[in-house]
Each structure stands twice: as C-alpha cells, then as structure tokens.
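Novice: Now for the letters of each chain:
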Amino acid sequence: MSAGVDLDAVSADFGKFRAVDRVNVSIQPGEFFSFLGPSGCGKTTILRMVSGFITPSEGAVRIGGQDMRTIRPNQRPTALIFQNLALFPLMPVWENIAFGLEVRGIDKQVRRRKAEELLRLVDLPDSADKAIAQLSGGQKQRVAIARALAVEPKVMLLDEPLSALDLKLRQHMRAELRTIQKRTNVTFIYITHDQGEALAMSDRVGVMSQGRLQQVGVPQEIYNHPANGFVASFVGENNIFAGKPGAADKGLARFETDRGSFTARLGPGVSSQTPCKLYVRPEHARLTAEAASGNAIAVEIADVAFEGNFATIQARDSDGRMLMVETRNDGAASLPATGRKMNFVFDAERALILADDVPAHGRAA
Amino acid sequence: MNNANRSNWLFHTYMIVFLAYMLLPLVVMGGAAFNDSRFPSIYPWVGFTDRWFVELFQDGRMWLSFRNTIFVAIAVVAISVPIGTAAAILINSLGGTTRSLLYGLMVAPVLTPGAVIGISTLLFWNKIGSGLGLNWWVFSAGLHLSALGQASFISAFVMLLVLARLQSFDRTLEEAALDLGASYTQVMRRILLPHLYPAIGAGAAIAFFQSVENFNVTLFTKGTYDTLTVYVFSKVRSGITPTINALALILIAVTIVGAIWYETRRRRNERRLAAIVEPA
Amino acid sequence: MNELLRRYGMPLTALFSVLTAFWLLILVILPYIYLFEESFRPYLPVTEVGGPNDTYSLNNYLAAFKQPSDWKLWLPLAWQPLIMPVQAPIHVQVFVHTILFSSLTTVLAFVLTYPIAYYLAKIANPKNVPVLFLLLLVPMWVSEILRAFAWFIILALKGPVNYGLIGLGVIADPIRWMTGYNSVILGLIYVYLLFMLLPVYNAVQSLDTNQIEAAEDLGSPWWRTHWRVILPHAKPGIASGSVTVFMLAAGSILVPTLLASTNSRWFTEVIYQWMFESQDWNTGSAYAFMLMILCTVFVSVVMRLFKVKLSDIAK
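Protein chains in written order, with my numbering: chain A, 541 to 905; chain B, 1156 to 1435; chain C, 16 to 330.
Warning: the hint list may mix true and false statements.
Stated by the list, open to error - In the SDA-like style, the derived pairs of lysine to any residue whose C-alpha atoms are separated by at most 20 Å in a straight line are:
1. C:Lys173 with B:Gly1394
2. C:Lys137 with B:Phe1166
3. C:Lys142 with B:Ala1414
4. B:Lys1282 with C:Pro100
5. C:Lys142 with B:Asn1424
6. C:Lys250 with C:Val176
7. A:Lys670 with B:Asn1424
8. C:Lys173 with B:Asn1424
9. A:Lys648 with B:Trp1416
Think of the hints as simulated: they come from the structure by calculation, not from any bench.
Using the sequences plus the hints, can you model the full thing?
Specialist: Encoded structure:
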C-alpha cells in the first residue's frame, strides 16, 4: 500500500545555481515526513524530483527501493498535491477525482462510484456534480486530496497545500490531513515554510536551508536540540548573543560576550574555533527581582504583552538591546510592571552554543 | 461643466456623422438592388423590382464561385487551425532568441502584402513541378494554391489567438494530469485542448471569414477558377448590373444575422458562467 | 526544445514541430526565397530555362527605371495634375505615388478615427458601446470588395452623387469623380478605416480614466492631456493600426482597380500586369519583392519611431 522514499545524495542544478545539494534521507513507508525551510531553500525542488518533473543532476531517488531515474512522472506511484491545487476547472468535481482512473481506462460507473466514495472520505458528499468554481477554498482542498487518493498512490507529495487558506481553516485542515494519512497509511511527504504546521503534523521533520538538509528528527528533537543556529532560529524564537566559547567541561562551556560571561551547553560539532552564538529560548529564560549570580543580565521591563495562556515580556538591557521572555500564565503570579528593574536569568542546561554556519555538507539523517 | 457639455455635444454629433459615413454607402448599395434601373443606383428611383435577385440566382457562374469559395474556406480552416494551434503551443514552450526568431517568422506573412504571398506561392509550386519534371495539377495555379497561400498568413491569426489563450493557461494542470498517470496525448486531449477550444473556435471562424473575403492572394493563385470575391471583381470590371447589389445585400444580411447570433450566444454564455461562479 | 519534450513527450513534440515546419518552410520561407531568386533571372521561353541565357542579373529591377516621362502628380482635391519639374520613369512614379498616398490614407484614417476611439472608450455611455460597435462593424463584416463597390456606385458618373447634385441644381453636368487619386484615397480610407479604429480603441480603452482626470485636475488643457497622457499610452495601438492600414492600402488591388482611372495607377496593378498581361513572372517577382521591401521598411520605421515591439503590432 505505501512505500518508502530514499534520497541518496541527491542534487539538482539549474545552470550554475545548485538548488539542492547532496540531500540524504530515508523516509519510511507510512511516515508523515515534512521538509521545512524558507522559500528558495530547495524543498519544492526535492518534491518535484520525487514526482519526476525534475531529474536530479546527481544521486538517486528510490521509491520502494526502486530507482526512479528512467521512470516518467506519469508512471511513478506518487500523487502530488500542488500549491495552487491545479484542479481542472473545466471538469466537474467527480471527473476531477476520477481523472486518474479515467486515464487508466476504467469504466465510467466504477469511476463514478469511486469518486463518490472518496468524496465521503474527505467529508464532501453530494458535491460530485458541482463545478470547481462553485467550491470554497477548503472544499477545493478536499477535492485535491480525494483526486490524489483516487490513484491509490504509494507516496503522497504535498506542496504547501494549506498556504492559501485562512488561519482557522488551516488549523482544521491540519488535523484532517493527519487523520486521512493515518487512515490510508500512505507515505506523506509534506513541504512547508510554516514551522507550526511541520511540528504539529509530522512524524519527522527535515529542516532545509540553501539546498542543504540541516537536520532531520522528530519534532521535539528539532525544537529542543537544534543542530545549528539556523535550525534554532528558524524553528521557534530565541535570544541570541554573539561571542566566543571558552574551555568546555562535560558538555558545558563558558561563553564570553560583551554583556558578560555565561555558562551554556555546547551544541553538536562546536569547538573553540567554530564561529558560533549563544541561543536562549524566551520560555527558558526568567525575570527575577532578586540579585542573581551566574547567567544573569540586568534589565528594565520595556513592554508586556498578555496573550491569555502566556505573556511575552520585552526587557531592555543597559545598552538598550531587547531581550524576550515568555512566561506561562499559572493564574497566580502577577506580571512585572513596565519600567521595573529586574534580572534576566537562564539555566546553563537550557542555553545552547550553536554553530552559525550551515555545515559544509548535507548531513546524513 | 458647460465646456465639457459642449465638447460632449461635439463628440456625439461627430459619432452620428461617422456612423452615417460608415453605413450610408451600404444602404445605397443595398437599396440599389431593388431599383429597376440598368445601372445600380438609388437615385433616380425607377421602380421596385426583384429581377436582379432572379438574375443572380440564375447565374451558374455565381453558384460555381460560391461553391469554390466554401471549398477554399473549409480547406483553409482545416490547414490553418492545426498549424496555428501547434505553432502556438510550440512557441509558448520556447524562450529567448529562438522564440523571437520564430515569432518574427510567424507574423511576417501577416505583414506581407497579399500580392507577394500569392505570387511567391504560385512561383514556388510551379518551380517544384518543373524541378521534378512533373506536370501534375498540384503544381499549377488553382484553388488548392489559393488555399495554401491564404493559410500561410491565416495560420498566424490562429497562432496569435491560441497563444493569447495559452497565457492564461495554468501549466501546473498539465503536471497534475501527468502526475495522475495521464499519457501526453491524454493531457493534450483532456486538459490543454479543452482550455484552448474557445480560441481555436474563434480562430476557425476568423480563418473562414478571412478566406471568404480574401482577394489579393486568390487573384494570383486561382488559375482559371473563380471565388466569390473574384467573381464580383470581374463582374464589376466587365460592366455592372445590380445583380452584384443583390448579392451584396444577401451577404450583408447573412453576416449581420450571423454577427447578432454570435453576439447573443456569447452574452448568454457569459451570463451562464457568471451564474455558476456567483454562489461560491 | 527540452521543455517541450518534458511537457508533451516525443510524439506530440514531433507533431507540433512538423506542422510548424511545414508552415514556416513550405508556405513561408521557401516561397519567399524562391521569389527572391526568381526576381534576378531573365524571363525566358521554357526551352531556354537553365540554358546559357539563364543568368542572374538586376535587369528585372532595372525595368522599373525605363520609360522616363513627365512626372504628373495628382494631389488630393486637385482636378488637374501637378506637372513636376523632373522627369521620372513611369513605374518609379507609380511606386512613389503608392507610398505617398498610402501614407496619407494612414494619417487620415488616424485623424478620423481617433476622436471616435476616444469617444467610445471614455465618453460614450458604456451601455450603448456594444450597439455602437455592432453598427460600426457592419461594414467590416461585409467584404472588402463590397465596401469598395459601394463607393464605385456612389461616385459613378451616373451615380447618386451626380444625380443628387444635378437634381439640386448645384451642377449642370455630371462630374467625373474617379479621376486622379481622390477617389482612391476616399475608397482606401473607407475600406480600411476600421483596422485603425479597433487597435486605437483598445489602447485608449486600457488607459485608467483616473489618469485623464488627474491630468485635468492638475490644470492641463484638453489638448495637452491628449498629447502627454492619452496618445503616449495609445502608442502601441496607433502603431498597430498604422502598420495594418498602410500595408493593406499599399497592397490593395481592389480599390485602385475599381476606383482609379488610367492616370492614377497603383503599384500592385503594375505587378498584376507583369504577371498576367505580360506573363513575365520574373519581373513580376522583382516588383513584388520591391513592394515587400517597402512594407518591411515601413514596419521597421514605425517600430523605431513609436518604440514598440513586433508583438505589440501583431495583435
């Protein structure tokens, strides 16, 4: 029913521009895998290589263990959901869904039955004979999913299909996609620049930048143990301090900055020669009125934004630079007033010293 | 405000004068078809008659040239629609210098006088015939050469129409169909061609009318055959009778009815489309 | 080519290429090349073709420079020809007259239609525009030859204009209207006017009305608004219309044949003579080639002058 996808040192060149650089990853059968990265990072190119619209300049794409090099897009066991959905505007809903069956020469009655069945699966019964132009954004989304499922693909490829929807619908469709994926057990490869989407839906996430795969891992790992500065700052917020690492001991090291010297955990591959920075997540920092030693910076509260379940506090240090702290609202503690002088403190264990640079080679998963 | 009103009044007047200028000659021509005077004119009015229509319908040469015109027009549609469509699809997938060069070559016949197209077509096919030492009818002047000559520039009209329509085509639709397992011919038949049908239909209509009214290319390539335009031309030159006016009136009536039918159908389609999209 | 293959596969790409190649090679390029080649060869009896006399020369082109005679120029609205102080070969005279009066036709067509284009695009009640267009386009639906024929009747010696004027007592004897180039220009304008109106209308129509209002709001008088705002915007449409009208006028055979007299010939008529009266296809080719060069030059001049691309003109 579903198949794994192996990318084996895959690269794609457009003229002199290398859009994808030696990407290695093994996606398991039935897995929900997301490629996360900013626009232009090469994630769409990867998707188009898997679907067959782009031929890799180096490396191999294997689906279910079979090399796809000579297999044309219309012969691959994949179904792609396009960013703009690419529904056929001149066909009614059911013909859209049944198109993949039609081109395989399947009987009209069978096609119609299958289309109606899929429409029920995506929760759109009674829409079979509607025109595409009559559907709302969310309905189009469902038709596109049904159309892709109709050909019983072993791998579904989704190119930011939710980006055109409004926030509420997007959150609803996230859950729905996840349900459909679990129900059909098809391998999903999902492309997005939205970290929330990737973290919420995926079994594993691959973070990309400038054509290279930066890190592959389960969502918590990506968030809590980013492999480098890019991953840390692309996924979630950070207070970032420039400086130099000092001597290390049991994975903890001193980090010298112009605001003082702090202790923090060394990230993977960081030595005293690596250009690196210190990253502290806002929810891992605290504000305290008491005198503090260790990792502490004297600040003045600049702005407090109360969001309900949590609050975001902006604090200004003596040089006027802003630091951010996020606190959970436990219903008891009161928020500090603007202008109050406090200390910004953080644990050495939760602060990370991470390499700036994207590593020179794509990292194996 | 006063000033604007005065200038608008001038514009309205000019519009009316202009309309009269465009339409009165046709009224004169049509009216003369009913005047019982040897020379086609509406003034002086000799008396109402239908004899020019009767004469026209008894004219075997007219019927023959009418038939020839239809044959040539159908041939031109059959040649230029596939060519123009293929050329538009081809050029749409090209870029850079190749595209500009091909585009230039394709529109060149539109910017070439009909006489030049006619003469070069005639000479070329004759040359092939004499080069091969064959004396077949294909290589000498005749209506088939008229059709080929006309198609050489009418294909460009079809190409331009289809190319314009292709600009609004979302090419991810092609990829989506391929991705769902369609073969290239299935993509063509089910996705691309249906999108292009309005342009292809308009192209076919334009090709047909352009062919029917063509004179310059036909004159040089027709050989001994007549089409309707050539027939009218030779009639006018050899001493006119109001039968030409009768023919003109019929053609005007047919084209006006056709134009109105086309326009109302187009508007109805537009309304229907709007009605479908509205509820979404 | 690569993209074509990827989008449509081998068989369809081959089909498109074959159809396009058939068009461009067999219907366009090779006939033009052959026309060009033939124009340098002498007109010979069939038996001598390919023989020792069949050599390339410029003789066919030089034919245009024979028979010098007094240059009679029929200016518009004149009843007598202007005798120019130079002698010129007859065919050169005809060629120059064709250029001159085709250009004049083009300019007049623009002057006559620009107010209409502006009126339809910006002044007329939008509800009436479709009806106005339907009326304006009636002559367009009627073929070129019938449009010319209508004027042939109107201007005929025994036509309604003469009878009308005699009836009104304005003139005593019928006037021979079809003399000189007056009737030709009149006919050419009427027959090809709409090819100017449509592109100019489309161009003016696409201008945002706010721009006109902004110009007026800034105190620009009406003529300056037209000169600085509307005309520059309409440039591609004017270029397109001018090229079409000029080409159709210079290449017209119908209108000059029907509406001209023997003292006002058109270059296409000379070509026709060579082809079918003298049966000299070689000289005919040379003349046809000259006409083609003329049109090409005109198109390039317009493109340069209006700074527009070929794709703006071919619309």
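Novice: All hints, please: hold or fail.
Specialist: Hint by hint, here is what the structure shows:
1. C:Lys173 with B:Gly1394: holds (13 Å)
2. C:Lys137 with B:Phe1166: holds (11 Å)
3. C:Lys142 with B:Ala1414: holds (19 Å)
4. B:Lys1282 with C:Pro100: violated (44 Å)
5. C:Lys142 with B:Asn1424: holds (19 Å)
6. C:Lys250 with C:Val176: The hint is violated at about 38 Å.
7. A:Lys670 with B:Asn1424: holds (18 Å)
8. C:Lys173 with B:Asn1424: The hint is violated at about 49 Å.
9. A:Lys648 with B:Trp1416: violated (36 Å)
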